[in-house]
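J.: Each protein sequence line maps, in turn, to chains A and B.
Under the working numbering, think of the first position of the first sequence as 975, with each following residue one higher.
Under the working numbering, think of the first position of the second sequence as 27, with each following residue one higher.
Keep in mind that the hints were calculated from the coordinates and are not lab data.
Keep in mind the model is a prediction, meaning the values are calculated, not measured.
Heads up, a few of these hints could be off.
Short, incomplete list of chain B residues facing chain A, as computed with Cβ under 8 Å [claimed, not checked]:
no.	residue
1	45
2	48
3	59
4	61
5	198
Pairwise CB distance ranges, derived in the manner of DEER restraints [said to hold, decoys possible]:
no.	chain 1	residue 1	chain 2	residue 2	range
6	A	1137	B	167	38 to 48 Å
7	A	978	B	42	13 to 23 Å
8	B	173	A	1304	27 to 37 Å
9	A	1304	B	132	29 to 39 Å
10	B	83	A	993	54 to 64 Å
11	B	132	A	1265	33 to 43 Å
12	A	1130	B	128	18 to 28 Å
13	A	1010	B	169	58 to 68 Å
14	A	1175	B	133	24 to 34 Å
15	B	128	A	1237	46 to 56 Å
16	A	1265	B	53	35 to 45 Å
We put the CB at the ideal spot given by N, CA and C, even for glycine.
What follows is each chain in one-letter form.
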Amino acid sequence: MPTPFRSGLRLLGARAATPYLLLGYGAFLVLLAVWSLRTPPATVGAIARLAPFGLIYAVAAAHLVACLILSWPALRQRISLAVPAGESGVPIDLRAHELAAAAGRARLRLRWTESERAGVLSRHRFAPLGTVVSHGALLLLPLALAASRATRFRGDAWIVEGHAFGGTRDEYVHVEPGGDFAARAPDVRFQVEAVEAKFWGRRLFFTDLRALVVPPGGRSAWMTLAQPLRLGGARVSIHGFNVTPSFELVRADGVLLESGDLNLRLFPPGAEDSFRLPPLPHRFWVRLRDADGGYAMTRPRLHVAVTMGKQLVAHGWRAPGEPIAFDGFRLTLPAVRRGGEIMVHRDLGYPLAWLALALLLAGAATRILLPSVRVWVRFEGGVAHAIVREDAFFGDPATILGRLAPPRRP
Amino acid sequence: MGAGAARGGLPAARYAAVAGLFAVAFVALAMADEWAIFRDAWFSPPRGPERSESAPEAERAVRALAAAVDRAYRGGTAALDAAPAGAALLADLRAEIAFARRPGAGTPEGLRRLDVLAARPEPGGAWRVATEETWAFGGADSRLRFSYRVAPDGADLRVEEATPVLPEPHADAIP
């Protein structure tokens, strides 16, 4: 009489449900992929986290666990060395003292019991457990998602050569998730020594983009497009390039009023950005181009426009260091510095997801590539009888038996 | 039992039907949750030439602010007190007008012409209004385009941002 628990388990782990659950997931993933082409990622993420879909994840996980539990007795038999009940085996032409050599020939490990005049030969006996490992790995994915949700941090920031990046909230342009910055943000700090970019001829394609950074108390290291750095437990990658000028504001009588570095976005050439210098009410608009064309900025030229309310006060192209005069002041942009856009990313769900993938592949490879072989040999009255179990995708019990000894004709 | 299953193969027709049912169910759930996005994408009429029935209110707010700025250039920043603008923009305008009216700077002559080029709705009941304006300063006209962000303030609209839209400088003029 089946107990309610066992009945429920059988219902939950019904093999017939597996293809339909896989179909459901397939349809769901295909739709998410299609939506992600045209819909903002936040919306796709919101859809993926809907409660009914969460229910489907839970049902699939429960189905997997039930399948593993239900298949365990059969699996245990497939790794057991106990003699299969009710089988006498086939007679083979083999003497007891030849068994060890025959096991070596067939690359099988021999366990001999002298008192019973019987032996068990085996190879890759536990390989069928690869099924459990590969399927169990899928159960790590919800843990990876939970870890990701609890620890995920992504921040985008601009860096400028010659300046330090301190990893404070103000330095990030964009942070995900929005709240809880202090608890989630990794300790990423460094000094930017240099930023270099190479382009494919005069086209806006990077062939190289890298930044030389020095963490506090650490050694300098290059962060490149292809090779992020690991700092403070996070991956720090560079994926954007920028150029930004320094400035000097001088009164008409030559007195320097203010100077410093600006943090403008002037790349790609032609991009416009602006800044103000309070208490002056003016706004300064800057564009940058290379007089030689292209993106190498060998001869940078800055277009500076000064507006004040409804008035365009002054404008014109200037080389670095050439002043533009307006309303009794002179503004100079003496130098152009290179910079880059970095992404700081930390997600403790990733290691778990990679572990799940590794276990999935290892389990599947073990199951497929390592055939499990067990042979029971018993000697009675000088005659050997063998029972063969070969649990392999491409196996053939007769081949194993043939390697041990040719079967005797009845 | 499908024909494929009867022959011992996979019941492909049944699997395809189930996959289709799942897809329909997923789309229905997604539509229920993110209805605004699906409605805008599938059922909203195509947008017209950046105008709508309530655009005149946004245009009126922009013109009222321009008129207040015009009066303030000539008569002082007190004219801005009742202007339909946000606090940050008003502070900027007061600083600009005070600087323009500083001693020895000459008297600004004010607004010559204002043309509304476009009004485009933005999220939250706001509008983006594009204008071309001609202002006279010291005997010379300054014609510039501006982009205004006009947002609801209770029952009214007020201007939150006023940004000049500068023409693209000619690359030929690069020295």
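J.: The structure should be examined with respect to each hint, and the outcome stated for every one.
T.: Here's how the hints hold up against the structure:
1. 45: Interface hint status for residue 45 of chain B: holds (5 Å vs cutoff 8 Å).
2. 48: holds, 4 Å
3. 59: It holds, given that the least Cβ distance between residue 59 of chain B and chain A is near 5 Å, below 8 Å.
4. 61: Residue 61 of chain B check fails; min Cβ-Cβ to chain A is 11 Å, beyond 8 Å.
5. 198: violated, 10 Å
6. A:1137 - B:167: 38 to 48 Å: holds, 42 Å
7. A:978 - B:42: 13 to 23 Å: Given about 35 Å between the Cβ atoms, the range is violated.
8. B:173 - A:1304: 27 to 37 Å: holds, 29 Å
9. A:1304 - B:132: 29 to 39 Å: Once the Cβ atoms are compared, 20 Å apart, the range 29 to 39 Å for residue 132 of chain B and residue 1304 of chain A is violated.
10. B:83 - A:993: 54 to 64 Å: For residue 83 of chain B and residue 993 of chain A the Cβ distance comes to about 59 Å; the hint holds.
11. B:132 - A:1265: 33 to 43 Å: Holds, at about 36 Å.
12. A:1130 - B:128: 18 to 28 Å: violated, 41 Å
13. A:1010 - B:169: 58 to 68 Å: With a Cβ separation near 45 Å, residue 1010 of chain A and residue 169 of chain B fall outside 58 to 68 Å, so the hint is violated.
14. A:1175 - B:133: 24 to 34 Å: The hinted range 24 to 34 Å is violated for residue 1175 of chain A and residue 133 of chain B, with Cβ atoms some 54 Å apart.
15. B:128 - A:1237: 46 to 56 Å: Given a distance of about 30 Å, which is not inside 46 to 56 Å, the answer is violated.
16. A:1265 - B:53: 35 to 45 Å: At roughly 55 Å between Cβ atoms, residue 53 of chain B and residue 1265 of chain A fall outside 35 to 45 Å, so the hint is violated.
Comparing the model with each numbered hint stated earlier shows that hints 4, 5, 7, 9, 12, 13, 14, 15, 16 do not hold.
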